[in-house]
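Quick note, the sequences are listed as chains R and G, same order. Numbers 6 to 286, taken from our numbering, label the letters of the first sequence in order. Numbers 63 to 318, taken from our numbering, label the letters of the second sequence in order.
Hints were generated in silico from the structure; no laboratory data involved. Hints may contain errors.
Said to hold, decoys possible - Which stretches of chain R does chain G cover? Using the computed rule of at least three CB atoms under 8 Å from a CB of chain G, they are:
{"#": "1", "region": "87–96"}
{"#": "2", "region": "129–143"}
To be verified - From the structure, some residues in chain R lie toward chain G, with a derived Cβ separation under 8 Å:
{"#": "3", "residue": "Arg73"}
{"#": "4", "residue": "Ile276"}
{"#": "5", "residue": "Tyr278"}
Backbone N, C-alpha and C define an ideal beta-carbon position, used for all residues, glycine too.
These are the residues of each chain, in order.
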Amino acid sequence: MLFDDTSTSAMSAQGSYYTPGYNVAGPPTDARGGVNNLFSDPMANAAVMYGSSLANQGKDMVNKEISRFMSVNKLKYFFAVDTRYVLKKLMILMFPYTHQDWEVRYHRDTPLTPRQDVNAPDLYIPTMAFITYILLAGTALGIQKRFSPEVLGLCASTALAWVLIEVLVMLLTLYLLTVHSDLSAFDLVAYSGYKYVGMIFSVLCGLLFGSDGYFAALAWSSCALMFFIVRSLKMKILTSLASDSISTGSGARPQVRMYITVAAAIFQPLIIYWLTSHLVR
Amino acid sequence: MSGFDNFNTEFYQSSYSVDDQNQAGYGYSNENQYNNQYGQYDYSQQMGYPSPGMMPHQQPYTGQIFQPTQTYTPSSSQSMYGSSFDDEPPLLEELGINFDHIWQKTLTVLHPLKVADGSIMNETDLAGPMVFCLAFGATLLLAGKIQFGYVYGISAIGCLGMYCLLNLMSMTGVSFGCVASVLGYCLLPMIVLSSFGVLFSLQGLMGIILTAAIIGWCSLSASKIFISALAMDGQQLLVAYPCALLYGVFALISVF
Chain R
6 MLFDDTSTSA MSAQGSYYTP GYNVAGPPTD ARGGVNNLFS DPMANAAVMY
56 GSSLANQGKD MVNKEISRFM SVNKLKYFFA VDTRYVLKKL MILMFPYTHQ
106 DWEVRYHRDT PLTPRQDVNA PDLYIPTMAF ITYILLAGTA LGIQKRFSPE
156 VLGLCASTAL AWVLIEVLVM LLTLYLLTVH SDLSAFDLVA YSGYKYVGMI
206 FSVLCGLLFG SDGYFAALAW SSCALMFFIV RSLKMKILTS LASDSISTGS
256 GARPQVRMYI TVAAAIFQPL IIYWLTSHLV R
Chain G
63 MSGFDNFNTE FYQSSYSVDD QNQAGYGYSN ENQYNNQYGQ YDYSQQMGYP
113 SPGMMPHQQP YTGQIFQPTQ TYTPSSSQSM YGSSFDDEPP LLEELGINFD
163 HIWQKTLTVL HPLKVADGSI MNETDLAGPM VFCLAFGATL LLAGKIQFGY
213 VYGISAIGCL GMYCLLNLMS MTGVSFGCVA SVLGYCLLPM IVLSSFGVLF
263 SLQGLMGIIL TAAIIGWCSL SASKIFISAL AMDGQQLLVA YPCALLYGVF
313 ALISVF
C-alpha cells in the first residue's frame, strides 16, 4: 500500500519520496497544526527552519547596524503625517506669504508631531518629492529621446549628493559659529528637501509650457522657497538668543545668524536651477 | 521540531513490532495500528533515502522495508489505498492555499470603492501575486515586449520601498510578505491595461486616459487594503501616492 502509492505516481517515484508519507504520515501523529504540518518530512522541516533562522539573523543584523546610526523612533516622528497636513504644507511651500504663525509648538519639551502642528518639519514630503523628481526627470529625458538608465542614475545621485552637501555645510556652519539651536540633522534634511517641491513644479511647467513657463515657475517657486526658509529657520536659529545673552555672550551675534539664514535661502534657487535646467532644454 | 520527536518516539516504539511481524501481515485489522506502522515505514523510507548517516538505525530496516514489494497483494492494496485516501487532509489545506481567501482578496481589489475587511491580510499569501506577475509578463510578451526582468526588478525595489515607508508611517509594523502580497494582488488591473495594449496602441489620448484611470484604480485598492489592515487613519491618499508612483512605472513599461 505504501508501495502502491509510490507506484501510482511511479513517474515521480524516484524523485519524490515525500508524497506518500505526506499524505499518510501526518494524521496519526499530530493534529492539523496548519503550516507546521506542511512538511511531514523532518529534513525539509529542518531546511525551512534553518532558512528562516538565517533570514531572521540577517534582519537582526541590519536592524542593529541601522539603529547604530539613527534611532528609528526619531525617524518615525517625521513620518507621523496625515493628508490634511501634507496639503496645507504644500500650500505653504508654494504660497507662504499669507501664513501668519511660524512658531513650532511644543508639548512639555517635545515638539509636536506634524499631524498636530503644521509648522513642524516632516520627511514624507521631501522623500516623495525626491522620488517624484527622479521619475519626472526620467520622463522628461524620455520625451526628449535622451533617456537611458545610466543618465537617470546620474541624475538621482547628483541630486542626493547636493542634499548631503547642503546638510553637512549647514551643520558645520552652525557648529563652528556656536549657534545653539535645536536643529537636528533630520530637521536640516527636511528643510533641504522641501526644494524638490519647487523643482517638480518648475520642471512640470517647463514640460507643459516650454522655456517661458519654466523660467516663470522657477522665479515663483524660488521666491516662495526663500521666504519659507527665512521665516522657518529664523524661528529656530534666532530664538536661542535669550539663552545666549544670559551666558557670557560667546554665542554668535544675531547678524551672523541672519547671514546664515539668508545664505541658506539664496542657495536654494541656485541649486534648483542647476539641477533642473538640463531637463528643460 | 516537535514533529521530529514524535516520529522519533514512534520509530523506537514500533521498531520491535516490525521485527516481530511477518512481512505479509502488517496488522491491517486495526486501522490505527496500520497507520502507525504505515507512517513508520514512510518515515523510515524517507529518512533512509536522503541521509543514511542521520539515522543509523535505518540500516537494518531498509532491507525489511523493501521486501514487501514482492508480497504485495492487489486486493488488500485497494482497501489500503481507500483508507489512506480518507485519512489524508485536503491537499490545498496542507499547502496553505485557501481559495476562498484568494477570491475574497481579488474581489476587494476589483471593487476599489467598497470598504475592505482588515483581517483578510493576516496570512501572507504569495501564490496569487506570483500568478498575477506572471500573467502581466505574459500579456507584455503578447505585445512583443520581453521584459520580465524589469517587472521583477521594479516590483522588488517597489516592495522594499513601500515596506520601509509603511513601517515608518504606521503604529504597528508590517512584514515584508504582507506588503509584497498586497502590491501583487493590486497588480490585477494593470493586466487589463497591458492586454488592451496588445489590441490597441496606448499612446493616443484614449490610452492616456485609460492608463491614468487604471493607475488610480490600482493605487486606490492598494491603499485601501493597507489602511484597513494597519489601522492608519487619515493617510489613505498619502499611502496611495507612492503606490501610484510604483504602478505608474509599470504602466510606463506597458505603454512604451
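For each hint, the structure was consulted:
no.	hint	verdict
1	87–96	holds (count 4)
2	129–143	holds (count 6)
3	Arg73	17 Å, violated
4	Ile276	23 Å, violated
5	Tyr278	25 Å, violated
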